[in-house]
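Sequences listed follow chains Z and P, in order.
Residue numbering for the first sequence follows this note's numbering, starting at 1 and increasing by one per position.
Residue numbering for the second sequence follows this note's numbering, starting at 1 and increasing by one per position.
Please note: incorrect hints may appear among the correct ones.
Unchecked claim - The calculated EDC-like cross-link candidates involving lysine to aspartate or glutamate, where the alpha carbons are at most 20 Å apart (straight line), are:
| hint | chain 1 | residue 1 | chain 2 | residue 2 |
| --- | --- | --- | --- | --- |
| 1 | P | 134 | Z | 249 |
| 2 | Z | 134 | P | 249 |
| 3 | P | 54 | Z | 249 |
Because the hints were derived from the structure by calculation, they are not lab data.
There are 2 protein chains.
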Amino acid sequence: MDIFERTRAMFHLPEGVTYLDGNSLGPLPIAAQERVDAMLRDQWGEMLITGWNKAGWMDQPARVGDRIARLIGAPSGSVVMGDTLSIKVYQALASALELNPGRKVILSDSGNFPSDLYMADGLIRTLDRGLELKAPAPEEVAAHLDSDVAVLMLTQVDYRTGRMHDMEALTRAAHAAGALVIWDLAHSAGAVPVDLAGCDADFAVGCSYKFLNSGPGGPAFIYVHPKHATQVRPALSGWLGHEQPFAFDPDYRPGAGIERMRVGTPPVIQMAALEAALDIWDLVDMDAVRARSIELSELFIALVEEKCPELTVVSPRDPATRGSQVAFSHPEGYAIMQALISKGVIGDFRAPDILRFGITPLYTNSNDIIRAASTLHKIMEERLWDRDAYRVRARVT
Amino acid sequence: MDIFERTRAMFHLPEGVTYLDGNSLGPLPIAAQERVDAMLRDQWGEMLITGWNKAGWMDQPARVGDRIARLIGAPSGSVVMGDTLSIKVYQALASALELNPGRKVILSDSGNFPSDLYMADGLIRTLDRGLELKAPAPEEVAAHLDSDVAVLMLTQVDYRTGRMHDMEALTRAAHAAGALVIWDLAHSAGAVPVDLAGCDADFAVGCSYKFLNSGPGGPAFIYVHPKHATQVRPALSGWLGHEQPFAFDPDYRPGAGIERMRVGTPPVIQMAALEAALDIWDLVDMDAVRARSIELSELFIALVEEKCPELTVVSPRDPATRGSQVAFSHPEGYAIMQALISKGVIGDFRAPDILRFGITPLYTNSNDIIRAASTLHKIMEERLWDRDAYRVRARVT
Chain Z
1 MDIFERTRAM FHLPEGVTYL DGNSLGPLPI AAQERVDAML RDQWGEMLIT GWNKAGWMDQ
61 PARVGDRIAR LIGAPSGSVV MGDTLSIKVY QALASALELN PGRKVILSDS GNFPSDLYMA
121 DGLIRTLDRG LELKAPAPEE VAAHLDSDVA VLMLTQVDYR TGRMHDMEAL TRAAHAAGAL
181 VIWDLAHSAG AVPVDLAGCD ADFAVGCSYK FLNSGPGGPA FIYVHPKHAT QVRPALSGWL
241 GHEQPFAFDP DYRPGAGIER MRVGTPPVIQ MAALEAALDI WDLVDMDAVR ARSIELSELF
301 IALVEEKCPE LTVVSPRDPA TRGSQVAFSH PEGYAIMQAL ISKGVIGDFR APDILRFGIT
361 PLYTNSNDII RAASTLHKIM EERLWDRDAY RVRARVT
Chain P
1 MDIFERTRAM FHLPEGVTYL DGNSLGPLPI AAQERVDAML RDQWGEMLIT GWNKAGWMDQ
61 PARVGDRIAR LIGAPSGSVV MGDTLSIKVY QALASALELN PGRKVILSDS GNFPSDLYMA
121 DGLIRTLDRG LELKAPAPEE VAAHLDSDVA VLMLTQVDYR TGRMHDMEAL TRAAHAAGAL
181 VIWDLAHSAG AVPVDLAGCD ADFAVGCSYK FLNSGPGGPA FIYVHPKHAT QVRPALSGWL
241 GHEQPFAFDP DYRPGAGIER MRVGTPPVIQ MAALEAALDI WDLVDMDAVR ARSIELSELF
301 IALVEEKCPE LTVVSPRDPA TRGSQVAFSH PEGYAIMQAL ISKGVIGDFR APDILRFGIT
361 PLYTNSNDII RAASTLHKIM EERLWDRDAY RVRARVT
């Protein structure tokens, strides 16, 4: 049996639904239900407080971090789980600025996910030392790498269009300009092969609930290059990042390496769901996932272009510069997406006019792609979105 | 049936265990298992991404915040859930310092939980504008309230001894000195009646996994006085605290009131367990919980003092200045606690020499207290901890 037929059978996919929104929230791994239930019953229920040691809850953020490290080309002991992606952005950025203190510019791009820019803005206001955030168009980033740039902070894959930065080239260019680099892997981890170590990236952050399928609100991860991990003193210096949390020392002493990026008590129930999701990832090779993702993406683009000429492809044509999603634009994008969802094909709308479809080989096959394209075709051809749009608007109001 | 017999039946309490560590991690509410399972199956599994609206995940942090507000004397719309307690400390402290910009001192006390002091230290380093953290002995705090103090940040109930600050008097004194006040309610919420509104407190933070029983890593809460909530611009300015998260506006605009204290995606699975735990809290009155807590605490102190003269009571004698826990000291405290746990009575040890017992009327009755005291008596009388200590040390090494 094809490996992806096997993995598909490991997810709960609702009857009658074609799900192309796994880049927003991955579906439920069937094993996650039993895993979470067992965690509640056998660990929390029976072990109570002793679960922190007996069930290994205390070490879990690093143990699970190692499982994710494999998917993003990071060495063991360089990734730890916790908090949310926004918090991890703040930690990475504060650390990078501390390591490169003389410079004043945080360079990002206008395609970055807004929360990353918001967190940078909050940190700049908090630091209050004349720092500046620059966010030129994605294709102009390299040209802005000058001697003022302290940190280059980019999301590798654009959350709307799927446009993918060249991580290796930009990291090299940033280093040549004397800047450190933070990669947001929200739409990369589990989507495309990533080689953090090979690129010599300084920091990376990401979430687990998109392509990794950990469930709503699953914990984030942070990678710190081992050469930096022992140097930075975390801005968010919580007790679980302390060298000896249970010494209850009044003074903060950062923990060993990546452990210092832990802050507070980890979300153990969410972690159980994440572990079940990662069991599926253990079965596949990222290169095989990528090859299938490209195959399905090309098929979807071809079918939609053929059948729905009113839609404009806004994702890059070249698979090498596209993540694992396909996006189209249309002025009535919101209404069209609502019509599509009402017919059981779930994608996502992103303002102002983008229809976004996640391509997730672990549970999406070519039949799904064909069904999605033909449903979209029917909606466009019969202008079903006109009527549906009216209904949707009425409901929203 | 006594209300506390009813609530006790709503928890899973392991066979043969007397659990006096609910001030560290509350036990599993039986309904949490079905609630979490239903959330996974019917919400995540069936609704997928649409759960954010259909299942109300998006509004849940504020809705659940309102349920906790009732337990801490806060008005509806002033509390929101998310992140961890350490992160919430950072948010409250950064906000308070922004509201009181001319002053240089953060006043806490040496009995505060270390993570609060660590987070303050991290923020002071990040702000880098000559701020200073002072942590005198708890009884000397009031005398340190001078015109240099920007913020008074205290944990109401000491995590080791259970000593409880007078929230109303200290808040009044701080305000009279021109300082703002942050209360950490980690050992107060669900432990003692709290009246944030009546005390005119500025900020409060707390966790949900201790007395509130949300499970390991359950989300934290933050309260901001409504008069401040519209004034502060959050240091941790994440997208879910934005006025319109789904406008994907490149500029951050803080959300309405307390909503701006949200940061990233909330932990929806943990929230399901928390909601089940709060259903039990809806059945009881905090004054009744407090009365029963004092009754059980007095019983435990009396029995231990009578039977175990080697142990020194380190909690305040006066119930009015004691939270919902009882602590004793002994030079061999660690070994004694391990011996006690091996006999099925679970308390907690806190360095250097404290045996700590949480008193939690929702599921602890006088039989538990009597059993715990007599087990402790047997251990002390027969010096069982001597042998056990040897075994425990061997295992730790």
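Next item on the list: Run the structure past the numbered hints and jot down the numbers of the failing ones, going up.
Entry: Failing hint: just 3.
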